[in-house]
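Visitor: Residues per chain, in single letters:
2 protein chains.
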Amino acid sequence: MAPSLPVALDAMGGDKAPAEIVAGAVEAAELHGIPVVLVGRPDDLAGLNTGDLEILAASEVIEMGDDGARAVRTKKDSSLVRAAEAVRDGKASAMVSAGNTGATAASALLRMGRLPGVSRPAIATPIPIPGSTPTLLLDAGANAECQPAWLGQFARMGSTLAVARYGIERPKVGLLSIGEEPAKGTSLTKEVYGLLSADPTIEFIGNVEGRDLLSEAVDVVITDGFTGNVALKTLEGSLRFMASQVFSALTATDEAAAVSGPLLDVLAPLAEKLDPETTGGALLVGVAGVCVIGHGSSSPRAIVNALKVAHEMAESDVPARIGAAVNAGSTEGS
Amino acid sequence: MAPSLPVALDAMGGDKAPAEIVAGAVEAAELHGIPVVLVGRPDDLAGLNTGDLEILAASEVIEMGDDGARAVRTKKDSSLVRAAEAVRDGKASAMVSAGNTGATAASALLRMGRLPGVSRPAIATPIPIPGSTPTLLLDAGANAECQPAWLGQFARMGSTLAVARYGIERPKVGLLSIGEEPAKGTSLTKEVYGLLSADPTIEFIGNVEGRDLLSEAVDVVITDGFTGNVALKTLEGSLRFMASQVFSALTATDEAAAVSGPLLDVLAPLAEKLDPETTGGALLVGVAGVCVIGHGSSSPRAIVNALKVAHEMAESDVPARIGAAVNAGSTEGS
Numbered sequence: 005m006a007p008s009l010p011v012a013l014d015a016m017g018g019d020k021a022p023a024e025i026v027a028g029a030v031e032a033a034e035l036h037g038i039p040v041v042l043v044g045r046p047d048d049l050a051g052l053n054t055g056d057l058e059i060l061a062a063s064e065v066i067e068m069g070d071d072g073a074r075a076v077r078t079k080k081d082s083s084l085v086r087a088a089e090a091v092r093d094g095k096a097s098a099m100v101s102a103g104n105t106g107a108t109a110a111s112a113l114l115r116m117g118r119l120p121g122v123s124r125p126a127i128a129t130p131i132p133i134p135g136s137t138p139t140l141l142l143d144a145g146a147n148a149e150c151q152p153a154w155l156g157q158f159a160r161m162g163s164t165l166a167v168a169r170y171g172i173e174r175p176k177v178g179l180l181s182i183g184e185e186p187a188k189g190t191s192l193t194k195e196v197y198g199l200l201s202a203d204p205t206i207e208f209i210g211n212v213e214g215r216d217l218l219s220e221a222v223d224v225v226i227t228d229g230f231t232g233n234v235a236l237k238t239l240e241g242s243l244r245f246m247a248s249q250v251f252s253a254l255t256a257t258d259e260a261a262a263v264s265g266p267l268l269d270v271l272a273p274l275a276e277k278l279d280p281e282t283t284g285g286a287l288l289v290g291v292a293g294v295c296v297i298g299h300g301s302s303s304p305r306a307i308v309n310a311l312k313v314a315h316e317m318a319e320s321d322v323p324a325r326i327g328a329a330v331n332a333g334s335t336e337g338s
Numbered sequence: 005m006a007p008s009l010p011v012a013l014d015a016m017g018g019d020k021a022p023a024e025i026v027a028g029a030v031e032a033a034e035l036h037g038i039p040v041v042l043v044g045r046p047d048d049l050a051g052l053n054t055g056d057l058e059i060l061a062a063s064e065v066i067e068m069g070d071d072g073a074r075a076v077r078t079k080k081d082s083s084l085v086r087a088a089e090a091v092r093d094g095k096a097s098a099m100v101s102a103g104n105t106g107a108t109a110a111s112a113l114l115r116m117g118r119l120p121g122v123s124r125p126a127i128a129t130p131i132p133i134p135g136s137t138p139t140l141l142l143d144a145g146a147n148a149e150c151q152p153a154w155l156g157q158f159a160r161m162g163s164t165l166a167v168a169r170y171g172i173e174r175p176k177v178g179l180l181s182i183g184e185e186p187a188k189g190t191s192l193t194k195e196v197y198g199l200l201s202a203d204p205t206i207e208f209i210g211n212v213e214g215r216d217l218l219s220e221a222v223d224v225v226i227t228d229g230f231t232g233n234v235a236l237k238t239l240e241g242s243l244r245f246m247a248s249q250v251f252s253a254l255t256a257t258d259e260a261a262a263v264s265g266p267l268l269d270v271l272a273p274l275a276e277k278l279d280p281e282t283t284g285g286a287l288l289v290g291v292a293g294v295c296v297i298g299h300g301s302s303s304p305r306a307i308v309n310a311l312k313v314a315h316e317m318a319e320s321d322v323p324a325r326i327g328a329a330v331n332a333g334s335t336e337g338s
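Heads up: the protein sequence lines correspond to chains C and A, in order.
Letter 319 of the first sequence, counting from 1, is numbered 323 in this note's numbering, and no numbers are missing.
Letter 12 of the second sequence, counting from 1, is numbered 16 in this note's numbering, and no numbers are missing.
Just so you know, nobody snuck in bad clues.
Copies of the same chain look alike in the list, so a pair counts if it works inside one copy or between any two.
Here are the simulated DSSO-like cross-link-like pairs (lysine-lysine), alpha carbons at most 30 Å apart as the crow flies: (1) K80 - K312; (2) K20 - K188; (3) K188 - K80; (4) K176 - K312.
No lab work stands behind these hints: they were computed from the structure.
Bound-form chain C, shown alone (with noise of 0.2 Å):
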């Protein structure tokens, strides 16, 4: 077997850039052996431990703040389109940022090029459930406003990455609306569920709630990029409130504070499997290549473990597998 092509990693990208990026890639690659290729400017990286990673000069960095689309039209040099060209030019297997989602996703989207057939990317976050295997939702934002043979295609899209990423057999897909019966939600929402229902090469199971979300009942959760991306930071938000309170209530007085110790040793395993860092990160699928995009406030674990499942889906040709999916049973396509 051929020596794997190494993920390409934005280092410049995400709040703890580029030390605890870098510190993630050299962990990824010497405790893991995944291979790495760093993108940055030399200047920020020459002071930082790289190990014996490769890297991949980039004199520019597109900020947090920056407009995702215009950002990739104008810093044509940044760390995050020469990490998506080394996927498109065959020296990467993968890309990996936790920098400014949108550019990450517009330079994957113009840089790799959409799968023949798909409408539009849609991004998969994972949402872990202790326990099971994560729910994935999607799309997570990258698109707004959406049409419904889009949203047809983000579920055979999220069907497959769930088959590919976590081995459910057969993926039980729902759509995000506020009631079960299909005349319940929008105009898309009920146009999708026709779509959704009509589909054999899904097992859709109708439509589900935002409580559902954590619930093991669903496997794959679609919506429209603005409703998802709500949803999404309602959950985050919601669990990190009720965490934060429940880790003052056991100092709140001497009685409980004296005692917490053996209840922060249960609550803590809860805590790292509730936490994103632990998933790895979104993946944005339906284009042509691996990009995988994580949260900004990742830590070296995060940076590693987003590095395993971009090199994981390389490998198993997931990018290959939604195209085929996604054109199933169509006489359009490529």
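Given chain C's structure and the hints, the job is docking chain A onto it.
Guide: What follows is chain A alone, placed relative to chain C:
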């Protein structure tokens, strides 16, 4: 001062109706001096302790699964419709139901009518914030698809309610979107952003995100009824999920269970503060009368709180204040 009109309570609505609904009504009347009239099937109420409460007979019941508007048209002698008519006819000051939300809103809308100048009523749901006033989210589900001008009115109605219900002097109004920048979101949110920015009668603080729903940074969050309902159910589901995970963790090991007593003592008040039962329920704003929509799972305590809120909102003439706010500076209106 003339004796207050009673609040009309749908005794048949809610998962625990009629027994626990009636128990809440009796408690509200006897312990808190809230005048209440029970609306429901005399046969179903006969075996219950209804104290000194007057009963307004209604022979039909709108079930949880019924379609809201259709049920109001076909079940003209239902407890919900009769409760709304009691308000319309000046026999009750307000209506309260823990039953079918859509049918409650439809009853109020079709029997009381809209306030002059109001395009669409909205459901304003309070989200409890420990240590602060609740955040009002509207629309939480009355209108799945909205026009920009409706959301402009929701902002004025929500702001007026936040003043009346929580005594907030100048409520901070945010627009739910997927980024702080005005250009983030859908064509709907972008247009509403412009409307709210130009409205001198409200304190618009810009876009807010899902994670801000539980923060003190915003008092009133404006969105369409689809997004609002998804966000609300996601938030409730996430808090409930986290609470159940924490409580299982507290009993997961013998060591944890042995010391969990003092922790449960400090966690209980937190659970209490976050419990939707303590908020008194959602208000349908924009109709010509007070309509409080309780949680389907309402306990007697939730009913007591809902009756208190309904009574207070009627006493302080909230519908008239909302109507005035919607029409302020307008050349239309009545």
